[in-house]
Amino acid sequence: MFYSPVTTNANECASNPKLHLFRHVEDTSQHLLATYVKHDGYKAWRKVLGGMTPESVAEEVKKSGLRGRGGAGFPTGMKWGFIPKGTTKPRYLCCNADESEPGTCKDRVLMERDPHGVIEGMAIASYAIGCHLMFIYIRGEFGHCIERMEAAMREAYSAGHLGKNIYGSGFDLEMIVHTGGGAYICGEETALINSLEGEKGMARIRPPFPAIEGLYACPTIVNNVETLAAVTHIINNGADWYRTLGTEKSAGTKLFSLSGHVKRPGNFEVELGFPLKKMIYDPAYGGGILGDRKLKGVIPGGASTPFLTPDMVETAKLDYESLTVCGSMLGSGAIIVFHEGTCIVWTLLRLIHFFRHESCGKCTPCRDGTGWLEQIIHRIEHGHGRPEDLQALDDICGNILGRTVCPLGDAAVMPIQSALRLYRDEWQYHIDHKKCMVESHFDFK
Amino acid sequence: MMLTAESIQVIKEKAARYPRRKSAILPALTVAYRQLGYVDNDVYREISEIISVPLVEIAEAATFYTMFPKEQTGRYLIQVCNNISCALLGADSLIGYLEKKLGIKKGETTPDKKFTLISVECLGSCATAPMMQINHDFYESLTPAKVDKILDELRAKS
Chain G
1 MFYSPVTTNA NECASNPKLH LFRHVEDTSQ HLLATYVKHD GYKAWRKVLG GMTPESVAEE
61 VKKSGLRGRG GAGFPTGMKW GFIPKGTTKP RYLCCNADES EPGTCKDRVL MERDPHGVIE
121 GMAIASYAIG CHLMFIYIRG EFGHCIERME AAMREAYSAG HLGKNIYGSG FDLEMIVHTG
181 GGAYICGEET ALINSLEGEK GMARIRPPFP AIEGLYACPT IVNNVETLAA VTHIINNGAD
241 WYRTLGTEKS AGTKLFSLSG HVKRPGNFEV ELGFPLKKMI YDPAYGGGIL GDRKLKGVIP
301 GGASTPFLTP DMVETAKLDY ESLTVCGSML GSGAIIVFHE GTCIVWTLLR LIHFFRHESC
361 GKCTPCRDGT GWLEQIIHRI EHGHGRPEDL QALDDICGNI LGRTVCPLGD AAVMPIQSAL
421 RLYRDEWQYH IDHKKCMVES HFDFK
Chain W
1001 MMLTAESIQV IKEKAARYPR RKSAILPALT VAYRQLGYVD NDVYREISEI ISVPLVEIAE
1061 AATFYTMFPK EQTGRYLIQV CNNISCALLG ADSLIGYLEK KLGIKKGETT PDKKFTLISV
1121 ECLGSCATAP MMQINHDFYE SLTPAKVDKI LDELRAKS
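Going down the list, the protein sequences come from chains G and W.
Numbered according to my numbering, the first sequence spans residues 1 to 445.
Numbered according to my numbering, the second sequence spans residues 1001 to 1158.
These are computed hints drawn from the structure, not numbers from a lab.
Heads up, the beta-carbon is just placed ideally off N, CA and C, and yes, glycines get one too.
One or more hints might be untrue.
[Stated by the list, open to error] Here are a few chain W residues that sit away from chain G, every Cβ distance over 12 Å (derived from the structure):
1) Met-1001
2) Leu-1003
3) Glu-1006
4) Gln-1009
5) Lys-1012
6) Tyr-1038
7) Glu-1071
8) Gln-1072
9) Arg-1075
10) Gly-1107
[As the list claims (entries may be wrong)] Quick look at which bits of chain G chain W covers, simulated, 3 or more residues with Cβ under 8 Å:
11) 94 to 103
12) 171 to 182
13) 258 to 265
Work out the full structure: start from the sequences and follow the hints.
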């Protein structure tokens, strides 16, 4: 039995050689070293230490076209390349496992069901950047992931995959499982670094970028769990293989968390460029809209990404470029589906409440702006909207966007701006009639 | 002293692995909260002494993060995710159901101090909504029957 009952497409991954991240996640002993090794585990790590130079590892990842899977989509190999050459300071790798973008629940599956896959990817990345102490920062609420990662780490140490002089190569690597305290902002890399140093989780002004001055003022790379898990497969199969997956600019596969009003919510691994419509309606994935109701809209990449309307869903593809063309973002790959019985104002009230709650308070536009946005949306939702409120929302959004140290301010604003643009009639109706156009009442059954 | 010898030992072992002691603040707070169910000023002081970090820095971190309540809650802290994916699948009515079953409102504790009910932000169980966390465990894909069973089991524990 698994800790989390979440649905995956592991069966498809087992028979499709292109899919790799979820291949063994329905195997109930995959979290144990013996099973992981039986499934070719630590083969890539042995290959790396058996003769690859750090530069050739980094070059392979760069060539593969792998991009950050946490949300920003920055090319991973290029990020590693920002570590200053010849630095005498210690270098650190932090695996970002602070998964908390609403809608996102994919990294959790990797940590719970395939923790050695994460450790192996972290180890390879550490070697590539010359790091001898690597961290995984796991959100504190994920008690089960923390236990699984700690157990896997102990197994990896005792079998000699971590520690001193690994496989006789002379390379030393230590690992620390670090737990957070419940703050969404710590998923932002500079806030994560501050939090890891024991500070409040507040973002830092860049430059300097973490690759130059990060943890303990030393060169630091922060990569998402899924990104690092993919690195192992790139080393095993080669960059050229990885490039054959996905699209030209969005290489590889991606884990998507499908939630909300679908018949079959779950986590699914597909090649980038996969049709969004198929993800939502195909019986192998979402299986269609709950209650066969009409689709109202989709947030494709986590709570901070702009909405897609049903006509956009018809043609949208799940890759970085296609969703940008649609005016949205791939983000963390968290697809949230809304059916026709959802009030847009009610939805945005949930979202802005979250961002107001999670704003760290450092930058005035975000700290105060998210509060104002929540107040205004709250009064519209509760029938006290004023004629000037939509203009006020537009103005406040415009004054937050791009004016904060970290992207949390932008994250709060982007779904609101898109909802105001795409569903303006409904907002206006709310203000004019002092009630919802559709009542959002969802039973728990 | 509130922390047990075992907790102190765990904190020291964790702290020893970091290049800088201050990094052990969150791990130490986590160990303390797991033992005590709250972390107040006295506990901050103890942690400050164990890991040799100024008290103010412990307090500063502890009060920024949400996972270290200063006061004891009910024995079972029920945290219902009320963010968007859970809300779309009935988190509000789950909260209402729990309020009725427990005879308390959200934010309250039962008179026997057994259950505290609160709502929280996304817990990363979006594809298994609705869900709740009780103390350190997740309960996912909830139905009224599942909730009944969970509460009955917790009530039966002395």
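Structure-based check of each hint:
1. Met-1001: holds (22 Å)
2. Leu-1003: holds (17 Å)
3. Glu-1006: Answer for Glu-1006/W: holds, closest chain G Cβ roughly 16 Å.
4. Gln-1009: holds (16 Å)
5. Lys-1012: Non-interface label on Lys-1012/W holds, nearest chain G Cβ at 15 Å vs cutoff 12 Å.
6. Tyr-1038: Non-interface label stands for Tyr-1038/W: nearest chain G Cβ at 14 Å, farther than 12 Å.
7. Glu-1071: Answer for Glu-1071/W: holds, closest chain G Cβ roughly 16 Å.
8. Gln-1072: holds (18 Å)
9. Arg-1075: holds (17 Å)
10. Gly-1107: holds (15 Å)
11. 94 to 103: holds (count 5)
12. 171 to 182: holds (count 7)
13. 258 to 265: Coverage by chain W holds here, the residue count being 5 at a Cβ distance below 8 Å.
Hint check: no violations occur; every hint is consistent with the structure.
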